[in-house]
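Here are the chains, one letter per residue:
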Amino acid sequence: MRWGGVVSFFASEHAMRSERALLRAGLQARLVPGPREISPNCGVAVAFVWEQEREVTRALEQSKIRFEAIHRYELDDGLRTAEARA
Amino acid sequence: MTDIYLDNAATSWPKPPSVLAAIEDFLVHAGGNTGRSGHRRSIASSRVVSLARERLADLLGADSPDDLAFTKNATEALNLALLGLADGVERVVTTSLEHNSVMRPLRALEQRGRCTVEVVPADGHTGEVDLDAWAARLRAPGRCLAVAVHASNVTGVLLPVEAMAAAAAAAGVPFVVDASQSAGHVPLDLAKLGASAVAMPGHKGLLGPTGTGLLYVAPGVEVEPLMRGGTGSRSESEHQPDFPPDRFESGTLNGMGIAGLGAAAAYLADLGVERVRARLAALTRRFRAALERADGVTLHGPADADRNVGIVSLVVAGVPCATVARLLDDEWGVMTRAGLHCSPAAHRSLGTAPEGTVRFSWSHETTEREVDAAAEAVRAIAAGARTPGAVETAA
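Residue numbers (our numbering), protein chains in the order written: chain A, 1 to 86; chain B, 1 to 395.
Treat the hints with caution; some may be incorrect.
What follows is a set of in silico ranges between Cβ atoms, one per label pair, in the way DEER data are often shown [unchecked claim]:
#1 A:Gln62 with B:Glu90: 39 to 47 Å
#2 A:Glu37 with B:Val28: 31 to 39 Å
#3 B:Ala21 with A:Ala25: 24 to 32 Å
#4 B:His29 with A:Ala25: 19 to 27 Å
#5 B:Ala169 with A:Glu53: 37 to 45 Å
#6 A:Ala25 with B:Ala169: 32 to 40 Å
#7 B:Trp13 with A:Arg2: 50 to 58 Å
#8 B:Glu90 with A:Glu53: 47 to 55 Å
Here's a subset of chain A near chain B, in silico, CB distances under 7 Å, partners left out [claimed, not checked]:
#9 Phe10
#10 Ala11
#11 Glu13
#12 Arg17
#13 Leu27
#14 Leu31
#15 Pro33
#16 Val44
Source of the hints: derived by calculation from the structure; they are not laboratory data.
The model shown is predicted, which means the values in this text are computed figures rather than measured ones.
Note that beta-carbon positions come from the ideal geometry of N, C-alpha and C, so glycine has one too.
Build the full structure now, drawing on both the sequences and the hints.
Structure below.
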């Protein structure tokens, strides 16, 4: 599975809450270490499937959680690596 | 001898089993530093803290979890609110029933010449506050801050904080509420209360572990942080973040304590705070009825148990309060708190200073049998005091 998108935050509290909000909305989401080139603000970011970008944006806005930005970002996460190894 | 723990106004005991399990689970399965790193243990810790904040916001009626900052107790939360709102304030208006966690920060400000402290009388028996006098003080010349306790820690009486908040809002005065004895004991709707900030412990009525507290800051209210330092966010900047909750939460959080507090919030949400309130009122009614006509026993606080958060203060004629408390513990296993309860102002206004009272405080788990045993023990001590030599009367 490819993620393709990352949401960055000012505070890790908001990243945690966003992950819950996206999962509750039935979307795929995963907390990841915040890529340095995207934002130095917060240590964590939320990866999401880029094809769900519109739904992710809507879910974040509806939950009124403060986020910094939504980025197009190819994330090589552990799951994908594991799949590649298999 | 059976333990009869009636000191829940100091800290609640026992805690729900889910609180103990959550603390252990945090230490075993999470254990990383909250909001600091991106590895699984740090993220697991951050998830627990974030979920706890969300549960507490739901339980307490905050619009957003961001409106709640974790502190180590209500005292820290009160200091944060009072000192953080005191810039440029010339007068602080408060009541005669305040705890030292309010009075000491205010007196320190006064001693430094930063402001004057104006005390509006409040009745420790009825909870009555002269709302006209309160409003007049708030409208008087000079920039003002107001603070009031929601329920007295000496008598348990509830004050009309909703009306006091409305008067403060009408006067354009920031209003801080000390909800130390009411949180978890009466339903709170923080967003509707109208206060600028509300402080509370996590370890009393909210049933969390010691070392936890909360400050609610209403959206749009500017409070200066009490501490500044690492928050895990905006690490490239040497300036404190301006957004909540990081603005108020410098340094490593009490992750295991907050884990327990979050579990306690879920427990209370399932149980229902209104049920807790009804239970505490029933126990108060029972205890007061058992002692109302007891010779040598004077009850303090509201006769109406529905105006009480589950606290009864009393004095036994001829026996120092400390002796009463010691006899209760040694002879009957009844644990209470004697003295001034860190509230000399409240005791002065009740007329019980400097000796104080013996305070009995329930939790929803306190049983009728325990309340009856405590009342019987008080009657026995009072009867003994009337028999020369039967009760040691020296403190």
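Hints, verified against the model:
1. A:Gln62 with B:Glu90: 39 to 47 Å: Cβ of glutamine 62 (chain A) to Cβ of glutamate 90 (chain B): about 44 Å, so the range 39 to 47 Å holds.
2. A:Glu37 with B:Val28: 31 to 39 Å: Holds - the Cβ-Cβ distance for glutamate 37 (chain A) and valine 28 (chain B), about 35 Å, lies within 31 to 39 Å.
3. B:Ala21 with A:Ala25: 24 to 32 Å: At 29 Å between Cβs, range holds.
4. B:His29 with A:Ala25: 19 to 27 Å: Between histidine 29 (chain B) and alanine 25 (chain A), where Cβ atoms are some 26 Å apart, the hint holds.
5. B:Ala169 with A:Glu53: 37 to 45 Å: About 42 Å separates the Cβ atoms of alanine 169 (chain B) and glutamate 53 (chain A), which means 37 to 45 Å holds.
6. A:Ala25 with B:Ala169: 32 to 40 Å: holds, 36 Å
7. B:Trp13 with A:Arg2: 50 to 58 Å: holds, 52 Å
8. B:Glu90 with A:Glu53: 47 to 55 Å: Between glutamate 90 (chain B) and glutamate 53 (chain A), where Cβ atoms are some 53 Å apart, the hint holds.
9. Phe10: holds, 6 Å
10. Ala11: Alanine 11 (chain A) check passes; min Cβ-Cβ to chain B is 5 Å, inside 7 Å.
11. Glu13: It holds, given that the least Cβ distance between glutamate 13 (chain A) and chain B is near 6 Å, below 7 Å.
12. Arg17: Given a least distance of 6 Å, the restraint on arginine 17 (chain A) holds.
13. Leu27: violated, 17 Å
14. Leu31: holds, 5 Å
15. Pro33: holds, 3 Å
16. Val44: holds, 5 Å
This entry does not satisfy hint 13, going by the numbered hints stated previously; all others are met.
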